[in-house]
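Chemist: Residue numbers (our numbering): 1 to 521.
Hints are computed from structural coordinates only; laboratory data are not their basis.
Heads up, a few of these hints could be off.
[Claimed, not checked] Derived lysine to any residue pairs resembling SDA-like cross-links, with alpha carbons at most 20 Å apart: (1) 145 / 195; (2) 440 / 364; (3) 209 / 183; (4) 440 / 291; (5) 265 / 469; (6) 412 / 90; (7) 145 / 84; (8) 412 / 81; (9) 376 / 387; (10) 418 / 408; (11) 412 / 133; (12) 145 / 78; (13) 159 / 41; (14) 209 / 175; (15) 412 / 144; (16) 145 / 159; (17) 159 / 121; (18) 265 / 195; (19) 433 / 398; (20) 433 / 357; (21) 6 / 434; (22) 418 / 429; (23) 265 / 467; (24) 376 / 338; (25) 6 / 170; (26) 145 / 80; (27) 6 / 511; (28) 412 / 351; (29) 514 / 457; (30) 433 / 372.
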Amino acid sequence: MSLPQKTNILVIGSGNAGLSAALSAIQTNPALKVTVIDKSPVSWAGGNTYFTAGAFRTTHNGLDDLLPLVNNTDATQASRIDIPVYTEQDFTTDLQRMTGNRTNPALSTALVRDSRAAIGWLAANGIRFQLSFNRQAYEVNNRIKFWGGLALKTQDGGKGLIEDELRAVRNAGVDVFFDTAATALVADPTSGAVTGVEVVNCGSGTRSKTTIAADAVILAAGGFEANPQLRAQWLGPGWDSARVRGTPYNTGEMLQIAQRDVAAKAAGNWSGCHCVAWDADAPMESGSRVVSNEFTKSGYPLGIMVNRDGERFVDEGFDMRNYTYAMIGRRVLQQPGQVAFQVWDGRTVGWLREEEYRGEVVRRIEGESLEELAVKCAEVGLVDPGRFVESVREYNASVDDDGQKRWDPAVKDGLATKGLAVPKSNWALPIDKPPFLAIKVTAGITFTFGGLAVNPETAAVISETTNDEIPGLYCVGEMIGGIFYDNYPGGSGLTSGTVFGRRAGRAAAEQAGKSGRLGRL
1 MSLPQKTNIL
11 VIGSGNAGLS
21 AALSAIQTNP
31 ALKVTVIDKS
41 PVSWAGGNTY
51 FTAGAFRTTH
61 NGLDDLLPLV
71 NNTDATQASR
81 IDIPVYTEQD
91 FTTDLQRMTG
101 NRTNPALSTA
111 LVRDSRAAIG
121 WLAANGIRFQ
131 LSFNRQAYEV
141 NNRIKFWGGL
151 ALKTQDGGKG
161 LIEDELRAVR
171 NAGVDVFFDT
181 AATALVADPT
191 SGAVTGVEVV
201 NCGSGTRSKT
211 TIAADAVILA
221 AGGFEANPQL
231 RAQWLGPGWD
241 SARVRGTPYN
251 TGEMLQIAQR
261 DVAAKAAGNW
271 SGCHCVAWDA
281 DAPMESGSRV
291 VSNEFTKSGY
301 PLGIMVNRDG
311 ERFVDEGFDM
321 RNYTYAMIGR
331 RVLQQPGQVA
341 FQVWDGRTVG
351 WLREEEYRGE
361 VVRRIEGESL
371 EELAVKCAEV
381 GLVDPGRFVE
391 SVREYNASVD
401 DDGQKRWDPA
411 VKDGLATKGL
421 AVPKSNWALP
431 IDKPPFLAIK
441 VTAGITFTFG
451 GLAVNPETAA
461 VISETTNDEI
471 PGLYCVGEMI
481 GGIFYDNYPG
491 GSGLTSGTVF
501 GRRAGRAAAE
511 QAGKSGRLGR
521 L
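All chains, full assembly: derive it from the sequences and hints.
Modeler: In C-alpha cells form, the structure reads like this:
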C-alpha cells in the first residue's frame, strides 16, 4: 500500500486520540478517504496509549450501568462488588480539585458530559472493557470495594486498547501508515486554511519527501515528554533527567510546527506534566514494550517514602492513589539525586500489586530488620542508612492509633500521624513487622500538559494571530492545552482522547463533505 498523494482527512498520530478521531471521521461520512500517519515504526504503534494501564474515567450510575460494558465479571462476583455512583458533579469536582480550579470550563464540561457516551461508543466498536480489580479495588470484609471514582480499564491495558482500535479503524476502511513523519503544514496563502502536510517517509529502507493534500488535518502526535531539551526548557531544571514512561517518539515537533506554520495558539500548563513514581532501573529514554506500565510503582500510600538522605518528604496518604500518582513523580524528581525509596513491612507488602512489585519486574530490597534493610538500600544509593532507620522509627512513634479508626485502603480512613513535620494523613500503620521491603524509584514522565487552544465543540485549532479557528486544522489528545494543570484525576487522559477525538473526527468529516475541494477519493 503506497502513501497517498491526497486524502480527505489526514490524522497525525496512532494513539487512542488519533484512532478515535479517524474512526469517528469515517463513521460520520464513509464516502471520505481517511488516512492515519505516524512517524514511529509499526513496532512502536500506539504512541503513549500502548504504555497505559488502559483506565478510562467516566460518569456512571453504579455497577449495573457498567456491567454491560465488561467481560470479566459474573453474577456471583458482581454480588460482592461495591462501586459508588460517579456523577457529572463528582467528575467536575475532581477535575477542579486536581487542577486548582484552573481547568478550562468549556473543555472540562465537554470531557465530563461526553465521557459515558464515549465509553459506550468504544465498546460498540469492539474495544474490550473490564472492571479494574487489580488497580482500583481492594477486598475488605469479603466485599470488593472500588475507590477513587474509577472502575473501568481495557483488556490487556494500553496494548489491548491499541490492538482493538487499530482493528476497528482498518475494518472501517482507514489506511494507517508508519515510518511517516510530518515536517510542515501547508496552508492556503489567502484563506489560511490548512490544505496538506509535508511528510518524510522512511519505509522500506528508503527516505522520500512528499506532500499529502487534505481537506482536513487532525493533530494527534502527543506532547514533548520524550524530548529532554524541551523538557528542560518548558518544565524547568532537572526535567531533562526524568525517565520517559512511554514512547520515545513524542518529541513535541508537531506543537512547534503548528505554531511556526499556521500561528496556532498555545494554551494550558506548559510547565506541568503527568509524572509517576517509576522504577529507578527502568530505561532512560523510553518505556519498555514488554514491561510497559509495570515499571510504575504506585504502592506508596500503603507505606512511606524517604529520599536518599533518609528523610521523608511527602504525605503519602493525602488522597487516594489515583488522585496523587500523576504528581508524585515531580516530588521524587525534586529530591537529591532524583531518587527515593518506598518502604513497607509485613503488614502491607501483601496488598501491593503483583504486576508492579514482583521480583521479575523490580529489584526488591528485603531485610529482617530496619537496620539490615538500610544497609542493603545503601548498596544501591541510600546515603545515610542511620537517618533512614531514625526516620522510620520517628514515623512509627507518630502513628496515632486511638482504636477508633480501622485501616481500610479502599477509603480515606483517617489513620494519621501526629507531630511530624511531614504528616501521613491516611493509611498510617507502623512499619515494624518483618520482613521489610524497599524499592528504589525515580520520576517517570508520562505526558505534558501544555498544548494548543481549541474550540471545545469541534477541537478546531485557534489562531494566535486572529483568535479564530484555523480552517481545516484540529487537535486532540495530549496536544490539547487547558484541561490539566499540575495534576489530573487518573483515567481522564484516555477519556479526553476519545471525547475530543470523536468531536474532531465528526467536525472534520462534516467540513470535508461540505467543501468538496478534493472530492471523494
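Chemist: Taking only the CA atoms, is the gap from residue 159 to residue 121 under or equal to 20 Å?
Modeler: 19 Å, holds
Chemist: Taken at face value, is the distance from the CA of residue 351 to the CA of residue 412 at most 20 Å?
Modeler: 16 Å, holds
Chemist: Just to be careful, I want the Cα atoms of residue 6 and residue 434 compared with a cutoff of 20 Å; is the pair within it?
Modeler: 66 Å, violated
Chemist: Between residue 265 and residue 469, does the CA-CA distance stay at or below 20 Å?
Modeler: 10 Å, holds
Chemist: Hey, residue 6 versus residue 170, does the alpha-carbon distance stay inside 20 Å?
Modeler: Satisfied, since the Cα-Cα distance of roughly 18 Å is no more than 20 Å.
Chemist: Regarding the pair residue 265 and residue 467, is the alpha-carbon distance no greater than 20 Å?
Modeler: Holds. Residue 265 to residue 467 sits at ~8 Å (cutoff 20 Å).
Chemist: Are residue 418 and residue 429 close enough, with their CA atoms no more than 20 Å apart?
Modeler: Holds, at roughly 12 Å.
Chemist: For a C-alpha distance cap of 20 Å, please report whether residue 440 and residue 364 respect it.
Modeler: 8 Å, holds
Chemist: Decide if the proposed pair is consistent with the structure: residue 145 and residue 80, CA atoms, cutoff 20 Å inclusive.
Modeler: Holds. Residue 145 to residue 80 sits at ~9 Å (cutoff 20 Å).
Chemist: For a C-alpha distance cap of 20 Å, please report whether residue 412 and residue 81 respect it.
Modeler: 18 Å, holds
Chemist: Residue 433 and residue 398 were given as a pair; does the straight-line alpha-carbon distance stay at or below 20 Å?
Modeler: 16 Å, holds
Chemist: Between residue 514 and residue 457, does the CA-CA distance stay at or below 20 Å?
Modeler: The given pair, whose Cα atoms are some 18 Å apart, holds under the 20 Å limit.
The structure shown violates the earlier hints numbered 1, 16, 21.
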